[in-house]
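> Next come the chains, spelled out residue by residue.
Protein chains: 2
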Amino acid sequence: MKNMMRTALIALLAMPLGCLAQQRDGHTPPAGTVANEHNLSGVQYPRVDAAGRTYWRFRAPDAQKVEISFRGEMTKEADGWWSYVSPGPEAVGFHYYQMIIDGVSVADPGGITYYGMGKWVSGIEIPEGLAYDKPQDVPHGVVREQPYWSEITQTWRRCFVYTPAEYDTRPNKKYPVLYLQHGSGEDETGWVRQGRTNYIMDNLIAEGKAVPMLVVMDLGYATDARPGSEQPAPGARNRGIFPEVLVKEIIPMIDKNYRTLTDRENRAMAGLSMGGGHTFQTVMPNLDKFAWMGGFSGGASGVDQIETAYNGIYTDAEALNRQLKLLFVSIGSEERPERVRDFADALKARGLRNVVYYESPGTAHEWLTWRRSLREFAPLLFKK
Amino acid sequence: MKNMMRTALIALLAMPLGCLAQQRDGHTPPAGTVANEHNLSGVQYPRVDAAGRTYWRFRAPDAQKVEISFRGEMTKEADGWWSYVSPGPEAVGFHYYQMIIDGVSVADPGGITYYGMGKWVSGIEIPEGLAYDKPQDVPHGVVREQPYWSEITQTWRRCFVYTPAEYDTRPNKKYPVLYLQHGSGEDETGWVRQGRTNYIMDNLIAEGKAVPMLVVMDLGYATDARPGSEQPAPGARNRGIFPEVLVKEIIPMIDKNYRTLTDRENRAMAGLSMGGGHTFQTVMPNLDKFAWMGGFSGGASGVDQIETAYNGIYTDAEALNRQLKLLFVSIGSEERPERVRDFADALKARGLRNVVYYESPGTAHEWLTWRRSLREFAPLLFKK
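These protein sequences, in sequence, are chains A and B. Counting from 40, one number per residue, gives the positions in the first sequence under our numbering. Counting from 40, one number per residue, gives the positions in the second sequence under our numbering.
One chain only, chain A, in its complex shape (with noise of 0.2 Å):
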């Protein structure tokens, strides 16, 4: 019901704006077409239709060139607008772009900007119009900024917590949890601005598909600072060591600052591409303190190497299925999808009994088939 106003809403507005732009510079934006929902309130460029093409439209009358970074040049236009539109439908779900300025990469200064590609960036969706990942009229829970310091890298770090609904009217009840990486290039902000984790999680709370867990969010980068620790290159990040500081320094920190419950039966690690591989580089050595474990986009082995990953952790089959309750891998139908398929397949023939496989069909490397990833894979967690 709100929602439907909230449509209703949202067509209505895009008609004074429509005219506001029409005001403005005589451009009318073509038909069918609706705003970016990443843009800034009433800034009605980029534009998607309903196939999934993009419209784009940017004034920079003393440029000598403007590209959208992913697409191509824009074309001058006699008034000191750009214009560009795509040559045919781009793939359903969130798409990091730049403006490129004369050289100069950019973030969109008429958008919102997400942090991907190791920098403040813009974001284009093309929707795919349905509610799991959305504000529903359901109990809300909330999402925690918790800082936190770090022995390990000597800085103050953050994490995000997510706390389901009915979190703070249980006082004595204790939940278990869910820790949840980013990839390559993001921080501990994009599970929930890209990710959109809080409303997927509400969502599925609401509906009972899943149990009420926290989630964590962190910065999957690290480096160790330790009196006498091994120093990476001057400029590099020492990535090996974030499995470190989530067992050493973000479990105990979340145990000791929320309601959790503490066994291995009640923690999970996931994470999206490089998040993935952190999944499992974290999980396999840590098998006393988790049981549930997926992979988005990442940590899967070729199959010629499962004999040998984690020490040869899978040829174990028995072990395994008594240790890990869940092996969740997925990956976009669009981003060449055979790799994890058959790393699932070849776990399953070895006698895995606990491995689950999801294909996110029409989507490539994006966070929509992140998205739908925790969809699926956060209903399986906790339960039996």
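Just so you know, not all the hints are guaranteed correct.
Which copy is meant is left open, because identical chains are indistinguishable; a pair holds if it fits in one copy or across any two.
Unchecked claim - Here are the simulated lysine-lysine pairs, DSS-like style, with alpha carbons at most 25 Å apart:
(1) 173 with 295
(2) 115 with 104
(3) 387 with 422
(4) 213 with 295
(5) 248 with 104
(6) 248 with 422
(7) 364 with 173
(8) 212 with 295
Everything labelled a hint here was simulated from the structure, so no lab data went into it.
Keeping the supplied structure of chain A fixed, place chain B upon it in accordance with the hints.
Below, chain B alone, put in the same frame as chain A:
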């Protein structure tokens, strides 16, 4: 102690990164300068020296002209870099800026983005070098992102709620609430990101200077979308309705979802610039709901308007003395403080006993004025 280690670490890290910059293009940053604290990790420019002079360097080989907003044109060097040094020291504090590349104003791709000036822009800080607004080795509260449905605006809105460190460990204790608002062109993220509210409150509470309280930070823009409501002009935002949203929707939502003390003597409101205006517009007609208020660089009436403002409320000093436990106004010494100072003096001369005036030395209309104002204001709240 941790802060010392942090400072030492920053000094240590600055060296290899300096070398890296040198290796890459033969450039070494000027001695005695440090990278702006709002740059991305490893990004060398802009830089600041101890006197407050700023140093800029930006790569744009194909641009015809590069400018820095509020400053001026950069000089093109032979190697594709552009440079600029401020003619003198800049005022201490946090300043928004944009890069202007061939006439297009954008956020600096080398920095963190902040929502100000109505879009996501960059920030440069001339540091004052104090610790009150930095993370310290004290108990930390969290900042919660709280979504809620607003009937008045017919939208999902969100606010950020600071809860003090002890909030989760004392499930039977109820807390007073400060509603704290941003300025024009900013949003609900401002008081945490630019304003560092959580660290300021953590430190004040740990020192015993402020009582533990909740701080609620919401979006000061709202458009009445109820059926039959008067609509603002196309593209315009109806600012006038925010006090109604706060009183009718936000306060009840907070009192429902958090353990709050709900009487007027446990509710305060403050804001900066436009948010100072919102504070006076909200509190003065609702003195049954608030007993403490603050206007930081905003909200004060001209001395010639004191007789008539808010239906002559200032003319009955005896009534206001009973109702308002604190009327705090502040302003930076570099933003023409006379108007606010005269307002405070005039109120005092009329017999208002609970007026407090604070002038931030050496700062202008920017976030350092407001961080300091919060530091001075919060300790006065909810006492006696």
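> Taking the earlier hints as the rules, which of them does this structure contradict?
The structure conflicts with hints 5, 7, although it agrees with all the remaining ones.
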